[in-house]
Structure formats: C-alpha cells, structure tokens
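Just so you know, the protein sequences line up as chains E and A, in that order. Numbering follows my numbering, in which position 398 of the first sequence is assigned residue number 398; successive positions increment by one, without gaps. Just add 465 to the spot in the second sequence (first one is 1) and you have my numbering.
Since the hints were derived computationally from the structure, they do not count as laboratory data. Warning: the hint list may mix true and false statements.
Keeping only pairs whose Cα atoms sit at most 35 Å apart, straight-line, the calculated DSBU-like set for lysine-lysine is [to be verified]:
#, chain 1, residue 1, chain 2, residue 2
1, E, K458, A, K497
2, E, K458, A, K895
3, E, K459, A, K490
4, A, K895, E, K167
5, E, K363, A, K490
6, A, K795, E, K157
7, A, K795, E, K271
Negatives, chain E to chain A, calculated, CB over 12 Å [as the list claims (entries may be wrong)]:
#, residue
8, G34
9, H153
10, A177
11, Q197
12, G207
13, L304
The structure displayed is predicted, hence computed values, not measured ones. C-beta atoms are modelled at their ideal positions from N, C-alpha and C, and glycine is treated no differently.
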Amino acid sequence: MSTSILLVFIIVMLVAIYALGYGRSMSLAKTVGGVPGLNSLPFYYGMLTVLWSAIPAALLLGVWLIFQADIIEMLVVQQLPEDIRGLEKDEINLILNKIYNVAYGQYVGDTPPFVIASAEFILGLERNSQWLVSIVVLLSMAIIAAIIWLKIHPKMKARVRVEAIFKNMLLACACIAILTTIGIVFSVLFESLRFFQQVSVFEFLFGLEWAPQAHDGEQVPGKNSGFGALPLFAGTLLIASIAMLIAVPTGLMSAIYLSEYAPRRARAIIKPLLEVLAGIPTVVYGFIAALTVAPFIRDVAIVLGLDSVVRVSSDSALAAGLVMGVMIIPFISSLSDDVINAVPQSLRDGALALGATTSEVVKLVVIPAALPGIVGSILLAVSRAIGETMIVMMAAGLAAKITANPLDSVTTVTVQIVTLLVGDQEFDSPKTLAAFALGLVLFIVTLSLNYISLHVVKKYREHYE
Amino acid sequence: MHESKKRPDNTSTTSHVDKVKLSLKKRYRAEKRFRMYGIMSVSIGLFALIGLFYQVISNGIGAFQQTYIQLQLEFDPASLGITDASSEEQLRLGDYGKIIQNALFTHIDKPQDRKQRRELYNLVSVGANFHLHKQLTQHPELLGREVTYWLLADDDVDTYFKSRESNQPFTGRLSNSQVTWIEKLISTGHVKTKFNKAFFTSGDSAEPEQAGILGALLGSFFTLVVTLVLSFPIGVAAAIYLEEYAPVNRFTDFIEVNINNLAAVPSVIFGLLGLAIFLNFFEMPRSIPLVGGLVLTLMTLPTIIISSRAAIKAVPPSIRQAALGMGASKMQTIWHHVLPLALPGMMTGTIIGMAQALGETAPLLMIGMVAFIVDIPGSVNDPSTVLPVQIFLWSDSPERAFVERTSAAIMVLLGFLLAMNTLAVLMRKKLERRR
Numbered sequence: 001m002s003t004s005i006l007l008v009f010i011i012v013m014l015v016a017i018y019a020l021g022y023g024r025s026m027s028l029a030k031t032v033g034g035v036p037g038l039n040s041l042p043f044y045y046g047m048l049t050v051l052w053s054a055i056p057a058a059l060l061l062g063v064w065l066i067f068q069a070d071i072i073e074m075l076v077v078q079q080l081p082e083d084i085r086g087l088e089k090d091e092i093n094l095i096l097n098k099i100y101n102v103a104y105g106q107y108v109g110d111t112p113p114f115v116i117a118s119a120e121f122i123l124g125l126e127r128n129s130q131w132l133v134s135i136v137v138l139l140s141m142a143i144i145a146a147i148i149w150l151k152i153h154p155k156m157k158a159r160v161r162v163e164a165i166f167k168n169m170l171l172a173c174a175c176i177a178i179l180t181t182i183g184i185v186f187s188v189l190f191e192s193l194r195f196f197q198q199v200s201v202f203e204f205l206f207g208l209e210w211a212p213q214a215h216d217g218e219q220v221p222g223k224n225s226g227f228g229a230l231p232l233f234a235g236t237l238l239i240a241s242i243a244m245l246i247a248v249p250t251g252l253m254s255a256i257y258l259s260e261y262a263p264r265r266a267r268a269i270i271k272p273l274l275e276v277l278a279g280i281p282t283v284v285y286g287f288i289a290a291l292t293v294a295p296f297i298r299d300v301a302i303v304l305g306l307d308s309v310v311r312v313s314s315d316s317a318l319a320a321g322l323v324m325g326v327m328i329i330p331f332i333s334s335l336s337d338d339v340i341n342a343v344p345q346s347l348r349d350g351a352l353a354l355g356a357t358t359s360e361v362v363k364l365v366v367i368p369a370a371l372p373g374i375v376g377s378i379l380l381a382v383s384r385a386i387g388e389t390m391i392v393m394m395a396a397g398l399a400a401k402i403t404a405n406p407l408d409s410v411t412t413v414t415v416q417i418v419t420l421l422v423g424d425q426e427f428d429s430p431k432t433l434a435a436f437a438l439g440l441v442l443f444i445v446t447l448s449l450n451y452i453s454l455h456v457v458k459k460y461r462e463h464y465e
Numbered sequence: 466m467h468e469s470k471k472r473p474d475n476t477s478t479t480s481h482v483d484k485v486k487l488s489l490k491k492r493y494r495a496e497k498r499f500r501m502y503g504i505m506s507v508s509i510g511l512f513a514l515i516g517l518f519y520q521v522i523s524n525g526i527g528a529f530q531q532t533y534i535q536l537q538l539e540f541d542p543a544s545l546g547i548t549d550a551s552s553e554e555q556l557r558l559g560d561y562g563k564i565i566q567n568a569l570f571t572h573i574d575k576p577q578d579r580k581q582r583r584e585l586y587n588l589v590s591v592g593a594n595f596h597l598h599k600q601l602t603q604h605p606e607l608l609g610r611e612v613t614y615w616l617l618a619d620d621d622v623d624t625y626f627k628s629r630e631s632n633q634p635f636t637g638r639l640s641n642s643q644v645t646w647i648e649k650l651i652s653t654g655h656v657k658t659k660f661n662k663a664f665f666t667s668g669d670s671a672e673p674e675q676a677g678i679l680g681a682l683l684g685s686f687f688t689l690v691v692t693l694v695l696s697f698p699i700g701v702a703a704a705i706y707l708e709e710y711a712p713v714n715r716f717t718d719f720i721e722v723n724i725n726n727l728a729a730v731p732s733v734i735f736g737l738l739g740l741a742i743f744l745n746f747f748e749m750p751r752s753i754p755l756v757g758g759l760v761l762t763l764m765t766l767p768t769i770i771i772s773s774r775a776a777i778k779a780v781p782p783s784i785r786q787a788a789l790g791m792g793a794s795k796m797q798t799i800w801h802h803v804l805p806l807a808l809p810g811m812m813t814g815t816i817i818g819m820a821q822a823l824g825e826t827a828p829l830l831m832i833g834m835v836a837f838i839v840d841i842p843g844s845v846n847d848p849s850t851v852l853p854v855q856i857f858l859w860s861d862s863p864e865r866a867f868v869e870r871t872s873a874a875i876m877v878l879l880g881f882l883l884a885m886n887t888l889a890v891l892m893r894k895k896l897e898r899r900r
C-alpha cells in the first residue's frame, strides 16, 4: 500500500472513528436524560476519540518513514556475500548505489547476479514494509479507538481534555520556530566544526587567498590553503556599501517627502508603487543588472577612458550594488516612514508655530526624534544587503579579490555559498564544508545586526506610547 | 552676496523681526532644495520601477510570437523510409529531415556544398521533426500525400525575422547564405509569426524555440501547494498560541525573539538548513517540490505568524469577553469568534508570504532544483524546477533567443506576483471596511 493510499485510508477511518465516538456519547446521553446530561457536547467525545487515535498513528507513521530507508539498507548489507561485506565502507556504498539503481530500473548494463538478487530483495522489503506499516498503523488506530469507545461515559470531561490537546498542539506549532533556529544553528555549526578541523579558523577569517575549486584532490589535514575568506568579506562589504550609498539617502528622502510633503492622494499612489520594488523577485533584479546595467556601466567607463586607469570588468560590483540599492530603497523608506509617522504631531506643530519651515522641522525635530528608529531600519537594510544572493550572483562575477574599485568584478559570501553547493558533491571535502563555515559567519553577522536593530526600534517606539 | 548688499539696513535696525526677514530668502531656498531632494528620491524609485518594467516588457514581448516557415511537404515513403504507416518502429525511425530538405529545395536551389545543405536544413527547428512524426502517427493516411505546413523555425531565424520587423540590429549567428535564403522565403510570403503556444505548453529545452515554462510553472505550483498546506495551519496555530494562550514568561519571550529573528535571516541560510536536514539527514531526494516546499515553509512561517498575530490582536477584546461571558470555552471563543474575524488579515499575510516564496531562488538552488529538467512534473515527488530558477537558468544561456524567453518568463512571474498582491490589498481593504 503506497503512502498516499494509506493516508486516504487513515482519513476515512478517522471519519468513522469520529462517528463512533459521537454515536457512543449520544447513546449514553439517552440514559442520563439527553445531551444536557453529558459532561461535554457529543462533538467533543468524537473529537477526543479521533485525536487519541490519530496522534499516535501519525507519530508511528512518521518514525517509520524516517527509519525505513536506513533499516532496509542495513538488512541489504547483511545479506550481501561475505567477501563484499568485508570491503571498505566507500566501496560498499558504491555497490549499494548500484543495487538501488538496478532496483528502481535506472541502471542498464551488466550486473553481477548478487546485485540483481539484492535489488529484488530491496523491492520485496519495501513492499513488505509498506504493508506492515499500513497494517500496524490502521490496527493501532482501531484498537485505541475501541479502548476509548469503551471508556466513554457521561461524566468524562471530554471538552477539557480536547482543549488540553488542542493547546498543546498549538504550542508545538509555536515551537517550530525554535526548532528551525536550532536546526539552522546545529546544521551550520556542526558542518563548520568539521571544516575547522581541517582549516584553521585564523586562516579562514584572515587568509587572503580564496580558491576552494582548486581543492578537489587529496587533503592534508592542517595544510589546506586557498580558504582565506577575507576577499569574500571585502567583496560583500564593497557591494553592500554601494547599495547603502544608493538606498539610504534615496530611501530616507522618499520617506520624508511622502510623510511630510506629499499630498495625501499622491502618497496613496506613490507609496504602494515604491513598495512594488520590494516585492520584485531578486532574480529579476539580477537579470536586469546582468543584461542592462552592467554592460551600460562598462560602456560608460570605457567612453570615459577609465579602462586605462583601473580594471573595468563586464561583471561589476557597481552594477550589482546599484541594482541592490534600488531594491532596498522601499525597504528603508517604509521602515523610516513608520518611525517618522510615530513622531508626535505636537512636536511638529510646536516647531512650526515658532516659525520654522517644514525642512527645518524635519531636520531639527523629526529626524533627531526618529533617529534611533531610522538607524534600526538602516541596520536591517544592511543585513538584507549582506544576505542578498541572486543579484550579486548574476551581476557581480565570481572573482575573489580584495579591491576598492567598483568597476571590477568581486564575489560575496552568499554567492560562494551557493556556488560551492550547487550540483552533486560529497560532504566531507573542505570545499563543501567551507560553504557552511561561510553560512555560519553570515548567520552570526546578520543575526547580530537584526538583534541590534530590532532592539533599537523597539526601545525607541516605547518613548511615545 | 545677497546678505552683504543688505547689511547697511541690518546695522541700523537690529530687531529680531528684520533678522528673520532677511534670512527668509535663504531659508526658503533651503526649503525648496530639500523638497526637490525628496521629489528626486521618489522619482529615482519610480524611474527604476518604470525602467525595470520597460526593459522586461520590451525584451520579452517578442517571445509570445514565434516564427514559422511554410513548406509544401510531401510525405514521400521513399524519402522517409516508411513503407507501413501503422508500424510504430518505422514511424519513429523515419527520416523526416529528408522531406523537410526536399521541401526547402523547391524554394531554394539545392546547394552543392554539404556544409551549405546542412545550413539550409538548420533554418527549420529540430522540433519540426517531432511535429511531423506526431502528425503521421495521428493521421497515417497522410503517407504519400502532399501537405502544406507551417513549421517551427530555428531560434536564429526567429530572432532575425523579429529584428527585421522591429528595425533593430540583428546580433545572432546566421551565415550570409542563410540570410539570403530567409530573405527569399520572406519575399515569397513563406515566413510569418504566430502565437507561441509552445511557450505555455512545454517544458524546458536546450532549443530556445521549443523551450516553455509549463514545467517550471507546475514545479512552482507544487512547491507553493506544499508551502501553503504546511505553513498556513502551522503559522496560524502558532499565532493563536502566542496571542491567546501563552503565559508571559521567558519561554514565550524566547519564541517571540526567535520568530522575529527568523524573519530576517537571509534565504541562503534556509538553503543550508534544507540541504543539511532534509537532504543529508533525512535523505530525501534532490530537486523535488516536496523538499522545496519544506524549505520555503520554514522561510515563510515567520511572515505568516507575525501577520496572523497582528490580525488576532486587532480583534476587539470585547468580542472575547462577550463569548466567555456567555459560557463559551476558550477554544470555542477562538474557533467561533476570534478566528473568523481575524481570518482575512491572516490570509493577507499568507498571500504576501506565498508571493515571497514564489519569487525565492537562492535556497532552491542548493537543494538541487536547478537541474535541467525537460519532463513536466506531475506530483510533489517529481524532479522539477520553479519559475524563478528557470529564469536564472535561461539568463545564463548563451543563445540570444533565451533573452527574450527569460524576459517573457519574468513577465509571467511578475503577473502572478501582481495578482497575488492585488488580492492581498483587496482583502486588506475589505478588512478595514468592517471595522
């Protein structure tokens, strides 16, 4: 029985179980003078039966699905011929791969008889396992439902119990956020630790040469080079600074204009239009940056004769930074708009009454009052610029170098993470593990920026409320 | 300069009013300048928006039209090598290129050079062969007959023909003799553009003229379905817990801080998480919408939780108190009163989260959704790609014709995003009216 059919069976069965629980309470109600004689409404008796039989079944099914593949693999290895089981782990894995490919009909070519036998063994095991899990799950549901059915009596506090389960389920959902964070921290941290066993932290953080692609061959522990991430940090910083140079003044001025000057109707049109910029997928920005902006910048630079002074590349940090800046404008303008609007009108009125012009009010009253919030929004924008991937991936190039020349191609942390991990790769080479180490750095940096800015924004907001 | 001229007045009457009056001009200029900066900033943003849409539309509009070449084809059994039209094997092995060549020779003198013959044959897309194969399979009676067909042209011919119509310089790779042949075909009216149906009905292809977005669209669809099915109930449940049940303590604070932080974690990090947990630990297959959906669920959950909490917070406490006062339990209050009122707000947040997920690329590259997949996925377990990744893949292709297709795919993607955001805005409006 395939999993999807099993799910249909489970759902049908749950409906039946609900009906059983409901019916049981109704028939009990007759003996105690109708539904008012029951502790809870019949719905809760049905629901309780369903929940108590569904939750263990779901857990059972989940555990089974997770471990099924491992157990099958273990059994397959055990039935392999003696001489093969004695091989190295890597070689056994190769043979296992072949067996799986044969089993799923993806492999054509000559195969030793034991491979075919094992493939058939796997298919048999999988069939049996599917049947077994189906029977176990459905049977356990039926047994639990029967037990509950027998236990239902008019004094049973079904509603309280259902609500307790309900509350715990809600709590479990809320905990997924924690689980995700733990997942991120652990997965990134563990792989990074493996990386740092082979490459020293110092070398990674301060090394000047980034050339992980050169590391395909044998590794000598502690003797790796080419994993100096400083050029990546420099590239990230260069592009993020260009982006912030564009986004901060424009975003801030847009926010000021929209909240202090623009007529209400214009604001109602312009603000959502600007916010469209934030909703455009970054891959679209990347495409425009690579197709239009980067060649344009290169042509302008060549016309101006800059190519005789500095290196002018067709993938430039400037192109990526410019486009990223445009992407971040609405981000800064919306957040600043919020904090500017939070400044009490009485402050403005007071300043205006003293004879200040609107720009003076903005410069001398509004901005100073809103400054912490604005700083917070800028920090959030910086963290977004550092974490942005697609634009830089498509427009900034892959050359890892330390340069302050915005017309040159550079690469960033995020780009390297993706490039190192796209495609099939083994997970013990420092080359792929380096991506996780970069991820760790990125996570720590963005997390601290977010934390500081959220803190600043929150603290500031409390002033006027 | 202005001030120095007026200084004599200033010294004679030193009242504050005059001082202010004198500095007024300067202050008004500063005011005007400041206002200009604001207008300029807004214009930069709007200009970028218009420029972006203009670029995409002007580049991509052509992809909805496709060039076809009209040929008088003879299904000649001898040239095809098919004697029996009912034999599948023979139909499959038939030399359809030969009859296309023969048809081309009726318009153009047969070149003697082998290389030139090849070039002539290359005017028509490889896809034309499959088309003829299909035709003959469906209508076996065509064997031996002569039929007029509009055959799919090669991508370079397509670009050439379109650039000719729009008076733009042609930058493709066609030989001089190919250009003369096309001109000849055009002058006799054998070339025209038709609506590019294949763009919406086929999957990815290495040949630009045959490449379509259906595979990526369905991949996006399945990924989003998984994301929606998981993230909406979990997000709403988490929001209900945090707003209605959670005691004020360290643990709840911790959950809150976590959610806020996750909302701002870069998407690549979620790609790392998906790779390490779903692919390496749980050993799920690469490139499937199920894993993509799981990764995007973790990514969109914070957005949905935050907006759902705002929606629940906006439900007036009096409604809860009234329900509780009537003897409803907490769960009944939530299910019967709070949720229905908060639902539009929750859905607005969910749609915005889904729009974000639809445009996301980077984490999906890392879980292998970047593979070249021609087959159209049929379920969440089939290898597939998604629309933004398809855009990324095409934007990397050297063929000129893919620029057009990339832009067209972007138009489709932006169309979906626009529709989703409009829906969210409408929903928010409706919600506001009710209060």
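Structure-based check of each hint:
no.	hint	in the structure
1	E/K458 with A/K497	holds (34 Å)
2	E/K458 with A/K895	holds (30 Å)
3	E/K459 with A/K490	violated (40 Å)
4	A/K895 with E/K167	holds (30 Å)
5	E/K363 with A/K490	holds (18 Å)
6	A/K795 with E/K157	holds (15 Å)
7	A/K795 with E/K271	violated (40 Å)
8	G34	holds (18 Å)
9	H153	holds (20 Å)
10	A177	violated (5 Å)
11	Q197	holds (17 Å)
12	G207	holds (22 Å)
13	L304	holds (22 Å)
Going down the numbered hints, you'll see the structure goes against 3, 7 and 10, while the others check out.
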